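Sequences listed follow chains A and B, in order. Sequential numbering from 1 applies to the first sequence in the numbering used here. Sequential numbering from 1001 applies to the second sequence in the numbering used here.
Just so you know, the hints here were simulated from the structure itself, not pulled from any lab data. Please read these numbers as outputs of a predicted model, since none were measured by experiment. Glycine included, C-beta positions come from ideal geometry on N, C-alpha and C. Some hints here could point you the wrong way.
[What the hints assert, rightly or not] Capping the alpha-carbon separation at 16 angstroms, the derived lysine to aspartate or glutamate pairs in EDC-like fashion look like this:
{"no.": "1", "chain 1": "B", "residue 1": "Lys-1337", "chain 2": "B", "residue 2": "Asp-1130"}
{"no.": "2", "chain 1": "B", "residue 1": "Lys-1377", "chain 2": "B", "residue 2": "Glu-1445"}
{"no.": "3", "chain 1": "A", "residue 1": "Lys-285", "chain 2": "B", "residue 2": "Asp-1295"}
{"no.": "4", "chain 1": "A", "residue 1": "Lys-285", "chain 2": "B", "residue 2": "Glu-1439"}
{"no.": "5", "chain 1": "B", "residue 1": "Lys-1164", "chain 2": "B", "residue 2": "Asp-1080"}
{"no.": "6", "chain 1": "B", "residue 1": "Lys-1337", "chain 2": "B", "residue 2": "Asp-1080"}
{"no.": "7", "chain 1": "A", "residue 1": "Lys-285", "chain 2": "B", "residue 2": "Asp-1080"}
[What the hints assert, rightly or not] DEER-style ranges, computed between Cβ atoms:
{"no.": "8", "chain 1": "A", "residue 1": "Ile-108", "chain 2": "B", "residue 2": "Gly-1115", "range": "27 to 35 angstroms"}
{"no.": "9", "chain 1": "A", "residue 1": "Asn-59", "chain 2": "B", "residue 2": "Gly-1115", "range": "15 to 23 angstroms"}
{"no.": "10", "chain 1": "B", "residue 1": "Gly-1270", "chain 2": "A", "residue 2": "Thr-229", "range": "56 to 64 angstroms"}
{"no.": "11", "chain 1": "B", "residue 1": "Gly-1270", "chain 2": "A", "residue 2": "Ile-171", "range": "47 to 55 angstroms"}
{"no.": "12", "chain 1": "A", "residue 1": "Ala-88", "chain 2": "B", "residue 2": "Ala-1173", "range": "56 to 64 angstroms"}
{"no.": "13", "chain 1": "A", "residue 1": "Ala-131", "chain 2": "B", "residue 2": "Arg-1168", "range": "48 to 56 angstroms"}
{"no.": "14", "chain 1": "B", "residue 1": "Ala-1067", "chain 2": "A", "residue 2": "Leu-165", "range": "58 to 66 angstroms"}
{"no.": "15", "chain 1": "B", "residue 1": "Gly-1270", "chain 2": "A", "residue 2": "Ala-128", "range": "51 to 59 angstroms"}
{"no.": "16", "chain 1": "A", "residue 1": "Thr-168", "chain 2": "B", "residue 2": "Glu-1174", "range": "17 to 25 angstroms"}
{"no.": "17", "chain 1": "A", "residue 1": "Ser-75", "chain 2": "B", "residue 2": "Glu-1441", "range": "19 to 27 angstroms"}
{"no.": "18", "chain 1": "B", "residue 1": "Glu-1441", "chain 2": "A", "residue 2": "Ala-173", "range": "37 to 45 angstroms"}
{"no.": "19", "chain 1": "A", "residue 1": "Leu-164", "chain 2": "B", "residue 2": "His-1073", "range": "52 to 60 angstroms"}
{"no.": "20", "chain 1": "B", "residue 1": "Gly-1270", "chain 2": "A", "residue 2": "Leu-165", "range": "21 to 29 angstroms"}
{"no.": "21", "chain 1": "B", "residue 1": "Asp-1145", "chain 2": "A", "residue 2": "Ala-88", "range": "44 to 52 angstroms"}
Below are the chains, spelled out letter by letter.
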Amino acid sequence: MLRTTGILTVAHAATPSPVSPWRRFVAIRERTYRTAIGYALLAPLALWIALILVYPLINTIGLSLTNMRVVGSPSSFVGLDNYATVLASDDFWHGLLLSLLWLLGNSIVLTIVPFAVALFLRQPWRPARQARIWVLLPWVVPTVAVAVSWQWMLNSNYGVVNHLLEATGIISAPLNVFGSADLSLIGLILTNSWHWFALPAVVIFGAMQTIPSDIYEAAKVDGATNTQTFRHITLPMIAKVLFALELVGNLWTFNVLDIIFFITRGGPADATMTLPMELYYKAFKAWRMGEAAAMAVIVLILLTIVCAVYVKRFRPRED
Amino acid sequence: MGRRLSVLVAVAAVVFTGCGTGTTPSPTVSTTATPSPAAPVEIVWWHMEQPPNRVAAYQQVLDDFNASHPGIHVTQQVQDWNTIFSKIGGAIGSNTAPDILHASGDFTPYTRSMGENVVVPVTDLVNELDQLYHFNPAATALYRDGEMWAVPMYGMIQVLWYRKDFFRDAGIAEPPATWEELLADAEQLTNGDRYGIALPAGKNMATDQVIYSLMATAHAEDLYDNDGNVTFDNANTVRAFQLYNDLLPFSPPDSTNYSWGEPQAAFNSGAAAMTIEKGQYLPPWEAESGQPASDLGCALIPQPAQNGQPGSIYYAEGMQIMTKDPVKQAAAAEFIKYVMQPDVYGVFLNAEPGLFLPVTEAGLQAESWLSDPTITKYRDCVNLMLDQAESGVLFGFTHGQYTMSIGEITGQSIIAQTVQKMWVDHMTPQAAVTWGQSEMEAAVE
């Protein structure tokens, strides 16, 4: 029955029209099809991730439960013996301590320097604008080239750094940076930081550029000092970027092996034998693949816990 | 048909050879089977001689061999010492191991440990070559464990290198012959511009080798007793470490990171007056130092005045056969026999003239080796290295020992780590050696 009043016409239109079983079937079929397509499109990626992430992880855990020496050699199940051996070894704790020092040193340098560089890059001066390009150079240089260059520059016989420091009277005798148990870790931290500072600097610079300029202008009108502006505007506005940068950067830094391997190989006298180096030597020099795998699993668990705590404690609030 | 026949011949040869030795169930490489020229047998040879000049020289040998042996085609594949230990494991596991693999005293026990019959005994082949060319016993000793497990191809020995120009300037007439003279000369030659000696003290094989040469002169060459127990901690080892500790103040301060290249660079650049190394110092001397060939001095490794002996570390690198295919084994043997022929052997050795020394008497007389310009120019030093090779020894293979676990010690550079404990961590030589002993015992457990 048709009603001609406007109100009733509207009410009638708002009432859902009965859907035929056929149309419902078509809708379900379309939805299923879309879902299937979605899974089908995701499947290769999921499979790839399983292949490159899950399989090695399971394989490593499996290895850690065996007494395998050389890769591929016969081995037998030893339960958790390798974990007990690793946790009871001084080498592991020594490596963990050095890794934490390595991480701390790099974190400090790779926070302060990139921030300073990013602030410099924001300046309107011509040198700052040009620096936005060449500041990336250290990051582009291959790690092996960085290692060789710094080895030469810090060489105590003919290194330019020692020569300059001596010529300016800052030191009286050449510093044996990579050959000294006291200086080698510091030298490595500075070399690694020099290699990587450009990446966080550019990321921080990019994040700073997204802050609307009118906020700074308003702060200036309100009489905010530079420090107040930095603390109350810049830092909170880039907090999410910093959070992600610190998380990923620290994970990368902890796992760095190449530059240490190229320069000191963990020496002298194990002064730079961080956990990744210890793990490498255990697997490929001492040929104790089972113990190395156990060490890798322990490191993985440690890093997972640290990451979880970091995310829970330092994740920026959405507001 | 021809290929079937050659397979039969090869199999028959293997069977009869195996019966003849009667000491092992492993098949022994045939020395008689000849692959058919109609169907070239592909042989892959892995070696770790990466410098381009060595690869080029080897390629010349390969090209000549392949041209003169239409039934066999050998190709080289260059590997890296840093990765070969893990790579060969994967290759064996996936049945993609090479037919011929570079052999070294402490590397062959490693490959043998990868499984039963991974490395094929080559006793008959070595015996045949020995009858023809007469191997240096020091070279074959590194591969003899009941059977021969590799064919020695070239030797390398350390000697003392010294700069005659610096010795002249310092008024030192003769190179040091004793430890006491070595220490005194190192001290005298050290001044503001240079160091008396460049010694490696990094955690690496270079350090292992140099201090082992000094240990060998002090009767400390045995790392094991006859029962296989580690005997590193003894008075003779300690006195060798004491000497190293006394010498290191006269070596550049960054010696703690030195491996092979740095002492040579210091020596050639004039930053150091002496060093201990193998024959790779000959070819680049004039170009890198700017000095005439006559200013490069060489001497036997100095030995203690009291209770000393001639000694130096001696490596005899070789070829081990990995293929299980009898036809390929025969082809690989054919290639090795070809290389050992005196007219070819010199070309092979002069891939690195002066560093690679003959391991056969015939090789010593081979014109193909002696005619190389570097060998001609530095003949005195080459002869001295050959003299030094008479007293050459290698850890784990002294006095008839064949120690399967030596790779556990050298792989971790435990001797070098002991040097670092002494020099960097300031342990006494005795305490460091005691530490090294415990590390070695743990390693070979």
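Is the distance from the Cβ of Gly-1270 of chain B to the Cβ of Ala-128 of chain A consistent with 51 to 59 angstroms? The hint (51 to 59 angstroms, Cβ to Cβ) is violated, given that Gly-1270 of chain B and Ala-128 of chain A are roughly 45 angstroms apart.
For the pair Gly-1270 of chain B and Thr-229 of chain A, does the Cβ-Cβ distance stay inside 56 to 64 angstroms? At 58 angstroms between Cβs, range holds.
Consistency of beta-carbon spacing, Ala-1173 of chain B to Ala-88 of chain A, with hint 56 to 64 angstroms: holds (58 angstroms)
Can the suggested window of 17 to 25 angstroms be confirmed for the beta-carbon pair Thr-168 of chain A and Glu-1174 of chain B? violated (43 angstroms)
So if I understand the rule, the pair passes when the alpha-carbon distance is 16 angstroms or less; does Lys-1377 of chain B with Glu-1445 of chain B pass? violated (48 angstroms)
Is the Cα-Cα distance between Lys-285 of chain A and Asp-1295 of chain B 16 angstroms or less? At roughly 40 angstroms apart (the allowed maximum being 16 angstroms), Asp-1295 of chain B and Lys-285 of chain A break the hint.
Given the hinted pair Lys-285 of chain A and Asp-1080 of chain B, is their Cα-Cα distance within 16 angstroms? holds (14 angstroms)
Using the C-beta atoms of Leu-164 of chain A and His-1073 of chain B, is the stated range 52 to 60 angstroms upheld? holds (57 angstroms)
Does the Cβ-Cβ separation between Ala-1067 of chain B and Leu-165 of chain A fall within 58 to 66 angstroms? holds (60 angstroms)
47 to 55 angstroms was suggested as the range; check whether the CB atoms of Gly-1270 of chain B and Ile-171 of chain A agree with it. violated (23 angstroms)
Pairwise hint evaluation, Asp-1080 of chain B against Lys-1164 of chain B, where the allowed Cα distance is 16 angstroms at most: violated (35 angstroms)
Kindly confirm whether 37 to 45 angstroms is satisfied by the beta carbon distance between Glu-1441 of chain B and Ala-173 of chain A. Taking Cβ atoms as reference, Glu-1441 of chain B and Ala-173 of chain A lie about 40 angstroms apart, which means the hint holds.
The structure fails to meet hints 2, 3, 5, 6, 8, 11, 15, 16, 21 from the earlier list, while all remaining hints are met.
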